[in-house]
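S.K.: Under my numbering, think of the first position of the sequence shown as 483, with each following residue one higher.
Calculated from the structure, these hints are not laboratory results. A few of these clues could be false.
Ranges between beta-carbon positions, derived for each pair [stated by the list, open to error]: (1) N548 to M483: 16 to 22 Å; (2) E511 to L604: 29 to 35 Å; (3) R516 to G543: 14 to 20 Å; (4) I485 to I530: 20 to 26 Å; (5) E564 to D517: 26 to 32 Å; (6) E596 to E531: 34 to 40 Å; (7) R607 to R516: 31 to 37 Å; (8) D597 to D503: 29 to 35 Å; (9) E601 to E564: 29 to 35 Å; (10) K542 to N587: 28 to 34 Å; (11) Q486 to E535: 18 to 24 Å; (12) A538 to K605: 26 to 32 Å; (13) N529 to M483: 15 to 21 Å; (14) A527 to G606: 35 to 41 Å.
Just so it is clear, CB atoms sit at the ideal spot from N, CA and C, and this is done for glycine as well.
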Amino acid sequence: MEIQKGIAYCGLVCALCSQNDNCVGCRNEGCKERDSCKNLQCCKAKNIEGCWECEAFPCKGTILDNIRVRVFAKFVRQYNPEFLLRCLENNEKNGILYHYPGKLNGDYDVFNNEDDIIELILKGR
Numbered sequence: 483m484e485i486q487k488g489i490a491y492c493g494l495v496c497a498l499c500s501q502n503d504n505c506v507g508c509r510n511e512g513c514k515e516r517d518s519c520k521n522l523q524c525c526k527a528k529n530i531e532g533c534w535e536c537e538a539f540p541c542k543g544t545i546l547d548n549i550r551v552r553v554f555a556k557f558v559r560q561y562n563p564e565f566l567l568r569c570l571e572n573n574e575k576n577g578i579l580y581h582y583p584g585k586l587n588g589d590y591d592v593f594n595n596e597d598d599i600i601e602l603i604l605k606g607r
């Protein structure tokens with residue numbers, strides 16, 4: 483885990499992303515998606531730390547339409563970013579993968595229910 487990359491404005495976990503070698507994380511200058519990312523642009527315009535702080539959360543037509551990303555942001559809203567990172571790091575040590583090797587999806591993407599994803603974050607398997 484590259485903890486310094488933290489959590490993106492939308493709820494993606496840059497710290498665990500399999501594209502870490504090629505990406506600095508959206509909170510660091512140099513993100514190649516910064517000009518086209520609706521969530522990043524909106525959060526910066528509203529001067530908030532992430533979508534989870536927005537009154538309009540969760541908005542439609544953004545990456546928050548993805549259930550995993552939306553649930554991670556909801557989790558941060560309910561708890562805090564550090565707790566999410568600790569849970570995911572613990573789960574990773576126990577074989578629960580944020581991304582499968584060579585993929586941009588993982589164990590948190592197999593569910594169609596938000597509560598199931600939250601339970602996996604909190605309790606693992």
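S.K.: Next, verify each hint and record whether it holds.
M.R.: Taking the hints in turn, this is what the structure says about them:
1. N548 to M483: 16 to 22 Å: Once the Cβ atoms are compared, 21 Å apart, the range 16 to 22 Å for M483 and N548 holds.
2. E511 to L604: 29 to 35 Å: Given a distance of about 33 Å, which is inside 29 to 35 Å, the answer is holds.
3. R516 to G543: 14 to 20 Å: 18 Å, holds
4. I485 to I530: 20 to 26 Å: 21 Å, holds
5. E564 to D517: 26 to 32 Å: 29 Å, holds
6. E596 to E531: 34 to 40 Å: 21 Å, violated
7. R607 to R516: 31 to 37 Å: 36 Å, holds
8. D597 to D503: 29 to 35 Å: 34 Å, holds
9. E601 to E564: 29 to 35 Å: 20 Å, violated
10. K542 to N587: 28 to 34 Å: 21 Å, violated
11. Q486 to E535: 18 to 24 Å: Holds: the Cβ-Cβ distance is about 21 Å, inside 18 to 24 Å.
12. A538 to K605: 26 to 32 Å: Holds - the Cβ-Cβ distance for A538 and K605, about 30 Å, lies within 26 to 32 Å.
13. N529 to M483: 15 to 21 Å: 28 Å, violated
14. A527 to G606: 35 to 41 Å: 37 Å, holds
Of the numbered hints listed earlier, those contradicted by the structure are 6, 9, 10, 13.
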